[in-house]
Amino acid sequence: MREITYRQALNEALKEEMERDSSVFLLGEDIAIYGGAYGVTVDLWKKYGDARVLDTPISENAIVGVGLGAALTGMRPVAEIMYIDFIGLCMEQLNNQVAKIRYMFGGKCKVPFTLRTEGGAGRTLGAHHSQSLESWLMHIPGIKVVMPSTPSDAKGLLKSSIREDNPVVFIEHKMLYNIKGEVPEGEYTVPIGVADIKRTGKDVTVLTYSRMYHFCMEAAGILEKEGIDIEVVDLRTLLPLDMETILKSVRKTNRVIIVEEDCKTGGTGAEIGMKITEEAFDWLDAPVVRVAGADVPMPKSPVLEKLAIPDTKRICDAARKILNK
Amino acid sequence: MKTDRDTATRLLTQMMQIRQFEDKIMELLAKNIAEGGSHLYAGMEAVAVGAISVLRNDDYITSTHRGHGHAIAKDGDLNALMAEILGKKTGVCKGKGGSLHLADVSKGNLGANGIVAGSLGIATGAGLSVKNRKSGQVIVCFFGDGATNNGIFFECLNMASLWKLPVVYVCENNLYGMSVSVERACAVQDLTKKAVAFDMKSDCVDGQDVLAVRDTVAKWVDYARNGEGPSFIVANTYRYYGHSRSDPRAYRTREEEKFWRERDPIKIFSNRMVEQAILSAEDVKEVEESVTKSIEEAVDFAMKSPFPEPEELYTDLYA
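Protein chains in written order, with this note's numbering: chain P, 1 to 325; chain X, 1 to 319.
Okay, chain X solo, but in the shape it has when bound (with noise of 0.2 angstroms):
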């Protein structure tokens, strides 16, 4: 796929979105204005934003518990993102959901999940849903490496093979699920397998390289919308900061990390765009700027704004 000059500053503005998202995130619940916990994406940039850059508007996405990259990528608001995060009513779930729970089904996200393969389901769902209403819609459903060892991902991987759905599923391979590396959780290492015993089209992308990223969901979207059926993803990436605030990350070495971050998608991507004479060094300075001002408009934002009333309690259980 061909990158133009607007296609590829949208890519990097959205990646830089994310990170700096995260970092500011960081550095709230370091001083404790963010409470709670939060899973962050950043390293990660590359899997959402290359995904989602070929969906159309109305194309479905089903997250994860590290899903605040997602949310971003597929239309977010960061105002009412950030306002969530912190427990705001004018959070985009009205302070009800947080950062597990980030969602926004009018512009196609069926939500982050607080449950690991929780939205396997919902995913495949909305898959049948598509293929019945022939509406020529696809989903992308992500989920991490330990998804995989859950019961729901193989029972949904069949339905999906067995009804041909629109599906895409992601699978971002961070290589580890809170501390257990895929090594000591998966007896097969190499996670495209999976797709194996359901006769299901595989494929294995580097993660950390949008347009690669890009270039093979596209692929597989287009087979999708097609009425082809399913298909399964692993995109090898890495996160950045541990599993959550309290994880000292005693599970994985400092070596690792240091080469991760060598790979690091936001740098690969920004520094291939100015070798191709796509973008300049001043339009990526330019594009950080401005994302920087976005993200501290959206702190401010969600600072400001007040928590929802106590009635709020009792208020959006039933339709």
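Bound-form chain P, shown alone (with noise of 0.2 angstroms):
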């Protein structure tokens, strides 16, 4: 099968899907003449023109907004918020009209909104660039939240966002974009929702997602030469949450690690191992733990930055650990 990057991945989704669906349209800073911040909607403006890749004045709130007034009014708007640090800037419109807008008019609107976004620590970037605040979206009942960590995942997910009749925050992972997978040439899609176990194992279910996922199948490589088989399930969706494939991991193996790059406290592990507790503490040999961030704003010196995201390292230790080896 071709190899393309995630960043390819993406940009073919968003073509793909805009030849598909004339309602389709991208908003956001620096998409169209710029392709992007990091390159995702590169080529498109020239294909499309200002009305369907329109570079927005930097006003995050109303991007959002707007995108939400033309869901509401027959479009199919894809928004691009260049950095998920930024979505402080853009809360009120995304908490308190989006996610809730269809709910409070008792079901009789549909929002079909993807708002695209990127986070993660990497890049040396500082605490505003750098974030993953991907358990405050998670907080947020009217929306979906997806989270792809391989290139075919990463189109096959976009596009099923731009089809879906709610909103969606898309969130992309800065290290990501130059990496390259298998991704199908034909057309298909990954339904929103579905977890995916990416490596099967007997010993300890790894539950993961986005950037950590690639960490998570390194530490796999290690662990299995001292005997360790991990089960790597990658989530893909974290809202809403596959229970049901997270369950039947955790029901064979009986271990859980969950390895997540956002702080530790109020995370999305809190979320998740608090489900599995309530769901299948009877099936738990062992507590859940955590391999997560550290509790502060992301340091810019790249020692710093690396000790507050979990590593390989951190994963194996949590595995050995938990199974007393």
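Simulated from the structure, these hints should not be mistaken for lab results.
Mixed in with the good hints there might be a few duds.
In silico lysine-lysine, BS3-like type, Cα no more than 27 angstroms apart, as pairs [to be verified]:
id: 1; chain 1: X; residue 1: K134; chain 2: P; residue 2: K110
id: 2; chain 1: X; residue 1: K164; chain 2: P; residue 2: K46
id: 3; chain 1: P; residue 1: K108; chain 2: X; residue 2: K89
id: 4; chain 1: P; residue 1: K225; chain 2: P; residue 2: K248
id: 5; chain 1: P; residue 1: K110; chain 2: X; residue 2: K107
id: 6; chain 1: X; residue 1: K293; chain 2: X; residue 2: K107
id: 7; chain 1: P; residue 1: K198; chain 2: P; residue 2: K252
id: 8; chain 1: X; residue 1: K134; chain 2: P; residue 2: K47
id: 9; chain 1: P; residue 1: K108; chain 2: X; residue 2: K107
Restraint-style ranges between C-beta atoms, simulated for each label pair [said to hold, decoys possible]:
id: 10; chain 1: P; residue 1: D311; chain 2: X; residue 2: A187; range: 48 to 56 angstroms
id: 11; chain 1: X; residue 1: K304; chain 2: P; residue 2: D21; range: 41 to 49 angstroms
id: 12; chain 1: P; residue 1: K47; chain 2: X; residue 2: N57; range: 33 to 41 angstroms
Just so it is clear, CB atoms sit at the ideal spot from N, CA and C, and this is done for glycine as well.
Both chains are sitting in their own frames, so use the hints and assemble them into the complex.
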């Protein structure tokens, strides 16, 4: 199968959905002539022009509000918020308007709105360009939260998000844009709300998503040599969580490690771990373990930045510890 | 714009519907039949009624936390609106929205909003959608003086002017954002000046005069429909009741309230229609009586309607 980058996969998804449905249009900061801060929308403006690839002023709250207004009135907007760190600027529109409007209106409207953004550390950009804020979004009923880890998932999930009649926050990772992976040539989608067991194993269930998935796979290779066989579940969607797949794996291995890049306190693992405790406590042979980001603003220094997020060693250590090895 | 008998009757009916609807809700709140809060539109009727009267059925509006008047004027069903405010299953939003979220997308009402300036983005986005779809629709975006101090107001006016969107921004300046007067909240007292920064056309109108509102908004709706872009209208008006039911109105004088009550939009309009022999005094009385009946029916309908079933808690969240 051909290999393309995560960035190219996302660009293909956008192009294909714009071809497929004339109501799809893109808006955001620097997405047209510049092609997006991370190059995801490159060349689309040349093909479709301002009417469908719209550079906006630096007005994040209005970008989200405008997307909502367009979605309510017959369009299928895909907005880009350059860094998830900027989501604070549009949290009013996202949380109060986008997420709630269908419910508040008694189900009498649809909100086919995709909000693309990217997050995560790794480029030593400091505290305003490196955050992992997905747990904020998991706390908002009414939206869906998607975080792909591979090029093929990125393409298939973005296509599904754009076709979805509900608002989807689609969070890419800045350190994944250049990774390559197999991506089918033809038309396909990946369903929202379905986790993917990317490595089967019998000893420990490792629940992860986005960039951390790759760290977990590295750890799996190291641990395999020590006779430890971990199952790596790529959650892919954080809201709604695929509890069926999670619980099935937990009942098989009886041990769980959650690997997440966001700050540990109130993070995604807190919710996922609690759900497992509520629904599968009797199946657990050890307490659920989190390998998570440090509870600090992301520091600039490359040395400190690496310490602030999980790494392969910490994942391996956690696996050994949970198995008393 | 010429006012014929049918138009006069329609304008008067809608203004009286809003007034009596709001008076009735005040009564229901006082009796604790209506729970929660309601921000009442009484005194401001001419703005919603005059502005919406020049729209096509398929044009859009966005509304505010003081949204009953806009909802009624945009072809709202009195029964379904009253039921919604009481949280009933038969409400326009199935009892899940309430006073702050009255909406009926099928009638072009994109919703009241619990957040001041919250609907500016929706209106502007609807404008972008209309422009892209070349549907010829226009959006009237209502908001209060308080909203003009919020960030998204500036973000949206800039975008609308930049992209020449067909949105008429109607600022209902009722002199107070909750308790803080325009004088104490706005560095610029003439709110039309706020449009200057965006090179947007602006206008000002007596919000107690429904025909003046109608003429002014008609002009800017035509302007928008002709593809010439957005506009910003300040309608000077006054709310009779406090911000909400718990408001003792300590920030304004009884003299000021009296001054504005003498400039009552319904009185101004009905007197003028009688003077000009477009309506008779009997006609006015008839409209009033028929409105009273329809409001009583709406209350009756709402009171007799059931509350939503418990299963409804989790429905309508996702499509």
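Consistency of the hints with the structure:
no.	hint	verdict
1	X:K134 <-> P:K110	holds (21 angstroms)
2	X:K164 <-> P:K46	holds (22 angstroms)
3	P:K108 <-> X:K89	holds (14 angstroms)
4	P:K225 <-> P:K248	holds (26 angstroms)
5	P:K110 <-> X:K107	holds (15 angstroms)
6	X:K293 <-> X:K107	holds (24 angstroms)
7	P:K198 <-> P:K252	holds (15 angstroms)
8	X:K134 <-> P:K47	holds (20 angstroms)
9	P:K108 <-> X:K107	holds (11 angstroms)
10	P:D311 <-> X:A187: 48 to 56 angstroms	holds (52 angstroms)
11	X:K304 <-> P:D21: 41 to 49 angstroms	holds (45 angstroms)
12	P:K47 <-> X:N57: 33 to 41 angstroms	holds (37 angstroms)
Violated hints: none; the structure is consistent with every hint.
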